[in-house]
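> Listed here are the chains, written in short residue letters.
Number of protein chains: 2
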Amino acid sequence: MQDILKVGIAGLGTVGASVVRLMAKRDNLLSEAAGRRIKVVAVSARSRDKDRGIVLDGMRWVEDPIALATDSGIDVFVELIGGAGDPAKQAVEAALGAGKAVVTANKALLATHGTALARRAEKKGVALNFEAAVAGGIPVIKTLREGLVGNAIERVYGILNGTCNYILSRMADEGISFEDCLKDAQRLGYAEADPTFDVDGFDTAHKLALLTSLAFGTLVDTKGISIEGIRSIKPVDLKMADELGYRVKLLGVALRTADGVEQRVHPTFVPKDSAIAQVNGVLNAVAIDADAVDLTLVGPGAGGDATASAVIADIADIARGHRTAPFIRPVASLTQPTRAPLTHHEGGYYIRLEVVDRPGTAARIASRMAQNKISLESIVQRRSGPVRGGTDPAAADAPAPVVLITYATTEAAVQRALRSMDTDGVLLGRPQVIRIERS
Amino acid sequence: MQDILKVGIAGLGTVGASVVRLMAKRDNLLSEAAGRRIKVVAVSARSRDKDRGIVLDGMRWVEDPIALATDSGIDVFVELIGGAGDPAKQAVEAALGAGKAVVTANKALLATHGTALARRAEKKGVALNFEAAVAGGIPVIKTLREGLVGNAIERVYGILNGTCNYILSRMADEGISFEDCLKDAQRLGYAEADPTFDVDGFDTAHKLALLTSLAFGTLVDTKGISIEGIRSIKPVDLKMADELGYRVKLLGVALRTADGVEQRVHPTFVPKDSAIAQVNGVLNAVAIDADAVDLTLVGPGAGGDATASAVIADIADIARGHRTAPFIRPVASLTQPTRAPLTHHEGGYYIRLEVVDRPGTAARIASRMAQNKISLESIVQRRSGPVRGGTDPAAADAPAPVVLITYATTEAAVQRALRSMDTDGVLLGRPQVIRIERS
Ligand SMILES: NC(=O)c1ccc[n+]([C@@H]2O[C@H](COP(=O)([O-])OP(=O)(O)OC[C@H]3O[C@@H](n4cnc5c(N)ncnc54)[C@H](OP(=O)(O)O)[C@@H]3O)[C@@H](O)[C@H]2O)c1
Ligand SMILES: NC(=O)c1ccc[n+]([C@@H]2O[C@H](COP(=O)([O-])OP(=O)(O)OC[C@H]3O[C@@H](n4cnc5c(N)ncnc54)[C@H](OP(=O)(O)O)[C@@H]3O)[C@@H](O)[C@H]2O)c1
Numbered sequence: 001m002q003d004i005l006k007v008g009i010a011g012l013g014t015v016g017a018s019v020v021r022l023m024a025k026r027d028n029l030l031s032e033a034a035g036r037r038i039k040v041v042a043v044s045a046r047s048r049d050k051d052r053g054i055v056l057d058g059m060r061w062v063e064d065p066i067a068l069a070t071d072s073g074i075d076v077f078v079e080l081i082g083g084a085g086d087p088a089k090q091a092v093e094a095a096l097g098a099g100k101a102v103v104t105a106n107k108a109l110l111a112t113h114g115t116a117l118a119r120r121a122e123k124k125g126v127a128l129n130f131e132a133a134v135a136g137g138i139p140v141i142k143t144l145r146e147g148l149v150g151n152a153i154e155r156v157y158g159i160l161n162g163t164c165n166y167i168l169s170r171m172a173d174e175g176i177s178f179e180d181c182l183k184d185a186q187r188l189g190y191a192e193a194d195p196t197f198d199v200d201g202f203d204t205a206h207k208l209a210l211l212t213s214l215a216f217g218t219l220v221d222t223k224g225i226s227i228e229g230i231r232s233i234k235p236v237d238l239k240m241a242d243e244l245g246y247r248v249k250l251l252g253v254a255l256r257t258a259d260g261v262e263q264r265v266h267p268t269f270v271p272k273d274s275a276i277a278q279v280n281g282v283l284n285a286v287a288i289d290a291d292a293v294d295l296t297l298v299g300p301g302a303g304g305d306a307t308a309s310a311v312i313a314d315i316a317d318i319a320r321g322h323r324t325a326p327f328i329r330p331v332a333s334l335t336q337p338t339r340a341p342l343t344h345h346e347g348g349y350y351i352r353l354e355v356v357d358r359p360g361t362a363a364r365i366a367s368r369m370a371q372n373k374i375s376l377e378s379i380v381q382r383r384s385g386p387v388r389g390g391t392d393p394a395a396a397d398a399p400a401p402v403v404l405i406t407y408a409t410t411e412a413a414v415q416r417a418l419r420s421m422d423t424d425g426v427l428l429g430r431p432q433v434i435r436i437e438r439s
Numbered sequence: 440m441q442d443i444l445k446v447g448i449a450g451l452g453t454v455g456a457s458v459v460r461l462m463a464k465r466d467n468l469l470s471e472a473a474g475r476r477i478k479v480v481a482v483s484a485r486s487r488d489k490d491r492g493i494v495l496d497g498m499r500w501v502e503d504p505i506a507l508a509t510d511s512g513i514d515v516f517v518e519l520i521g522g523a524g525d526p527a528k529q530a531v532e533a534a535l536g537a538g539k540a541v542v543t544a545n546k547a548l549l550a551t552h553g554t555a556l557a558r559r560a561e562k563k564g565v566a567l568n569f570e571a572a573v574a575g576g577i578p579v580i581k582t583l584r585e586g587l588v589g590n591a592i593e594r595v596y597g598i599l600n601g602t603c604n605y606i607l608s609r610m611a612d613e614g615i616s617f618e619d620c621l622k623d624a625q626r627l628g629y630a631e632a633d634p635t636f637d638v639d640g641f642d643t644a645h646k647l648a649l650l651t652s653l654a655f656g657t658l659v660d661t662k663g664i665s666i667e668g669i670r671s672i673k674p675v676d677l678k679m680a681d682e683l684g685y686r687v688k689l690l691g692v693a694l695r696t697a698d699g700v701e702q703r704v705h706p707t708f709v710p711k712d713s714a715i716a717q718v719n720g721v722l723n724a725v726a727i728d729a730d731a732v733d734l735t736l737v738g739p740g741a742g743g744d745a746t747a748s749a750v751i752a753d754i755a756d757i758a759r760g761h762r763t764a765p766f767i768r769p770v771a772s773l774t775q776p777t778r779a780p781l782t783h784h785e786g787g788y789y790i791r792l793e794v795v796d797r798p799g800t801a802a803r804i805a806s807r808m809a810q811n812k813i814s815l816e817s818i819v820q821r822r823s824g825p826v827r828g829g830t831d832p833a834a835a836d837a838p839a840p841v842v843l844i845t846y847a848t849t850e851a852a853v854q855r856a857l858r859s860m861d862t863d864g865v866l867l868g869r870p871q872v873i874r875i876e877r878s
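For the protein sequence lines, the chains are A and B, in the order given. Note that the first sequence covers residues 1 to 439 in my numbering. Note that the second sequence covers residues 440 to 878 in my numbering.
Simulated from the structure, these hints should not be mistaken for lab results. Heads up, some of the hints might be wrong.
As the list claims (entries may be wrong) - To be clear about the criterion: a stretch of chain A counts as covered by chain B if any three or more of its residues have a C-beta under 8 Å from a C-beta of chain B, and this derived list gives those stretches:
| hint | stretch |
| --- | --- |
| 1 | 27-36 |
| 2 | 275-285 |
| 3 | 291-301 |
| 4 | 307-317 |
| 5 | 328-341 |
Claimed, not checked - For each label pair, taking beta carbons as the anchor points, the in silico distance ranges come out as:
| hint | chain 1 | residue 1 | chain 2 | residue 2 | range |
| --- | --- | --- | --- | --- | --- |
| 6 | B | K562 | A | A24 | 26 to 36 Å |
| 7 | A | A24 | B | S806 | 34 to 44 Å |
| 8 | B | P780 | A | S232 | 36 to 46 Å |
What the hints assert, rightly or not - In the BS3-like style, the derived pairs of lysine-lysine whose C-alpha atoms are separated by at most 27 Å in a straight line are:
| hint | chain 1 | residue 1 | chain 2 | residue 2 |
| --- | --- | --- | --- | --- |
| 9 | B | K563 | B | K622 |
| 10 | A | K234 | A | K272 |
| 11 | A | K272 | B | K622 |
| 12 | B | K673 | A | K239 |
| 13 | B | K464 | A | K272 |
| 14 | B | K662 | B | K622 |
| 15 | A | K272 | A | K239 |
| 16 | B | K464 | B | K478 |
| 17 | A | K239 | A | K183 |
Glycine is no exception: its CB is placed at the ideal position from the N, C-alpha and C atoms.
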C-alpha cells in the first residue's frame, strides 16, 4: 500500500459531520477498497464548541478554512461549507493553487465558477471532484464522466430538488395548496425558512448547469437556463394531470437541438407510466438519453449520509489515483454553448385557461389553436367532464376552466395563440402553461 | 498525451461489432475524454468473410483468439466471444498471464471462474473489467466498485434478464400464456431458440453471483444461489398480482442476513408503486440498499450498442490508468459466504392453491396458516371476489383457486402449512408459491 491519503475537511454541518462519521465507520474497508489508507487529519468549521455528535479525536482543528486548504499536512481538501462566495470560493482556489486535490458538494460555487476552477485544477494536474453537488447520493457525475463515455448524449433531465418534489408529491396526493404544503414542509425540515432558492428553481438550475456541461462538453452556462419555479402550480393542475395520465414534476432539462443547447427548469407534465413519474417525495432522479443507452438513476438527492456517500466516493477515487477531468474534456476543448431560444422549444403543452362564461368560447379557443397549427389531444371542461378530440360548444356556458393538451408544437405558436385569445377577450386571468416532457 | 492504448478484440458478434462501430464513431471525443488515444489494432472471430457491417480497415486479423490475447501489439484484450469454457476462458487467462488488461462481457465465464481470474489479474497488477457482464448498459459494476464505496450494502436485487421481463410484461398486459408468449418472443428475436438459460433463471443467477461478490466482499459463489425460473407462472398469477397491487418480476436478490448471505433467483411479487415495478419489456433494473443510500438504476440490459457502451467505458478506464480490483477488495480479503438457507427466508408470500370443492375448505386453510403463525393480509377466492382480512366459508363451494397474501413469515412456516393442508386432503395439484419482495 502507498502512503496514507491525508484529508482535510472544511465544514462540519449536515454533510461534513456525516462524512467524518461514515469514514470512521467504514475505516479499514474503505482503505482496502481504495488500496490505500485514508485518514481525516484536520477539520475546520465556524464554531469549535458545537456538539456535532462526531468524534474528532486525532484531527487537528484549523480555525481558518483557507489556511486548511493550503495546509502542508493534507493531500485532499474537502469543501463542505457551501455558497458561491467566500470563504468557500477562496478556499477551493487556494487548495487547487497549492496542488491539492479538491472534493466539494458545492453546486452554487461550481455553477458560478466551475469553468475557472476546472482550469485551475487542470493546470495543477489535480482532481476536482463534485459527485455530491448534483443529485446528492446518486452517482450521476461518475456515470456521465466515465460510465457513458462511449455515448453521444442527446438529453439529460431530472428531478434535482427534493424540496420541490416533496411539495408537488404532497399537493398531488392530498389536494392541498402550494402555500399550505410549503408551510408543512418547513415545519418538517424539508424546506428552508427562505424557500426561494429551492421552490423558484435556482437550486435545480445550478445542478442542471453542471449536468449540461458534462453531457454536452460545453462551458458551464448558468445564465443560459430558462427558470420557472413551482409557486404557480395549483391543486387543479395536479388533478387535471392525474385525469389526463400525467404527473407534475419540477424538472431540469438540457437537450441538444438544431439551434444549440436548450436548458430549462420548469414544472413539467411527465407521463404517469414513465420511470420518473414514480419518483415521489424527497427522492431525486436523473434520466440520460444517449445514442447507445437510455438510463434512469433514482435515489436520495440530499441528506447528510447520502451526500456524504458521494463525497467519500470522490475521496476514494483520489486515493486510488483516479482522476478524470472535472468536465470530462480539457477546459480548452469545452465549447461555448449556443443557447437555443425557448421560443423554438418543441413539445406538447398543458394549457389551463380561465375563460369568460359565454357561448362559443370553447369554439373560439379551438379555432385560435388551429390557426396556429396546434393540434389538440384533448380539451377538458371541468363542469362537463372530459371531451376528447373535439369541442363541445354547449358546455362553454359553464364558468369553468378549459384545459387543453396539445400535440407537439412550438412555444412560439402557443404564445401566439394565447395572445390572440387575449385579444379576443375570452381569457380571464393568466393562462397556466406547463410543458410536457416525453419520456 | 501518453502513448496510444492498443486494443485487441476477440469476438465480433452482436457486442463486438457494436464496440468497433461505436469506437470509430466516438473516435477523437473518446480519446479526449480518456486523455489518451485509443485504437483497435487487431480483431479475431471465427469466420473472416462474414459481413459484419463494420469497417475493419487498419486492424490486423488474428485467427486464433488465444494468440490475440498474448499478442505483443496489444495493451488491452477485449473478450466478446462468450461461454464459460474455451476459447474464452483460455484467452482471458492467457491475456492476464501476459500482463494485458482484460475487458469482458462474459458473465458465464466470470460467474464460474471469477475468483480465479481476479487472482490472476491481481498478481499481474492489471485490470479485469466486466461492466457489460451485468445488466448490459447500466453502469452497476462501477457504481458498486466506486460510487458506493463509502457504504455497507444490505441488499442488491434486480431485473437482470430482459427476455424474462419481456415475457412477464406481455403475459401481464395481454393475459396470454407463458408458452405463447415465449414463442412470440422467439419469433421477435427477444428469446433464443433454446430459452432454458434465460427463462429458467441461470443467466440471472450468473449476474447475481457477480453483484453479490461486489456488494458483500465475498468469493463468487454461483452454487449458493437458489434458482427458480418463470415457466410455472400462469396468467392467473399475473391477474391476481394486479388485483392485489403487485407486479411479477423475475428478480435476482442477494441480501445479508443474520445467517449469512441469501442469494436467490425467482419470480417475485413487487409492489406496483415501487420503481422496479415500472420496469417493463426488455429493460433491466438494479436496486441497491445501502446504509447511506438506496439507489435504483434502470436501463437496457442487452443489445449490441448498450452492451458496447459498457465495454467502451471499461476500455476508457484502462486508458486513463484507472484500475479498481475486480471485486473491489484484494482476492485474499474476499470471504467465503455462509449460505443462508432459504428455509430461513423471511418475507411475505403469494400462495395460490387449487382446492377441493367442499364447504369448510377455506376455513381449513386459514386455520393451517394460523397454526403456523402465518398472518394473512388477504384471502381471495376467484368466484366470490376478494375477501380481505378474513375467510368466507360460504364461498368455498365454488371450484375456484384460493389466493393468499401473507404478512412476513418464514419459508419454513409456509412449507409446513402447505404440507399439513396436503395431509388434510384439501389441495388439488401443486401450490403456486411466489415470494414478495418489499421495496
Ligand atoms: N445538506 C444536504 O443535503 C446537501 C446535499 C447536497 C449538497 N450539499 C452541499 O453541501 C455543502 C454543505 O452543506 P450542509 O448542508 O452540510 O451545510 P451546513 O449544514 O450549513 O454546514 C456548513 C458548515 O460550514 C461551516 N461554515 C460556514 N461558514 C463558515 C466559515 N466562514 N468558515 C468556516 N466554516 C464555515 C459551518 O460551521 P458551523 O457548523 O460551526 O456553523 C458548518 O459546519 C453545501 O455546498 C451544500 O450545497 C448539501
Ligand atoms: N448480446 C448481448 O446483448 C449481450 C449483453 C450482455 C453481455 N453479452 C455477452 O457478450 C458476449 C458476446 O455476446 P454476443 O451476443 O456478441 O455473442 P455473438 O453475437 O454470438 O458473438 C460471438 C462472437 O464470438 C466469435 N467466436 C465464437 N466462437 C469463437 C471461437 N472459437 N474463436 C474465435 N471467435 C469465436 C464469433 O465469431 P463469428 O462471428 O465469426 O461466428 C462471434 O463474432 C457474451 O459473453 C455475452 O454473454 C451479450
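> Next step is simple, just say for each hint if it's right about the structure.
Status of the hints after comparison with the structure:
no.	hint	verdict
1	27-36	holds (count 6)
2	275-285	holds (count 3)
3	291-301	holds (count 10)
4	307-317	holds (count 8)
5	328-341	holds (count 4)
6	K562/B to A24/A: 26 to 36 Å	holds (33 Å)
7	A24/A to S806/B: 34 to 44 Å	violated (52 Å)
8	P780/B to S232/A: 36 to 46 Å	violated (57 Å)
9	K563/B to K622/B	violated (47 Å)
10	K234/A to K272/A	holds (19 Å)
11	K272/A to K622/B	violated (30 Å)
12	K673/B to K239/A	violated (36 Å)
13	K464/B to K272/A	violated (35 Å)
14	K662/B to K622/B	violated (30 Å)
15	K272/A to K239/A	holds (13 Å)
16	K464/B to K478/B	holds (12 Å)
17	K239/A to K183/A	holds (21 Å)
Violation of the numbered hints given earlier is confined to hints 7, 8, 9, 11, 12, 13, 14; the remaining hints are satisfied by the structure.
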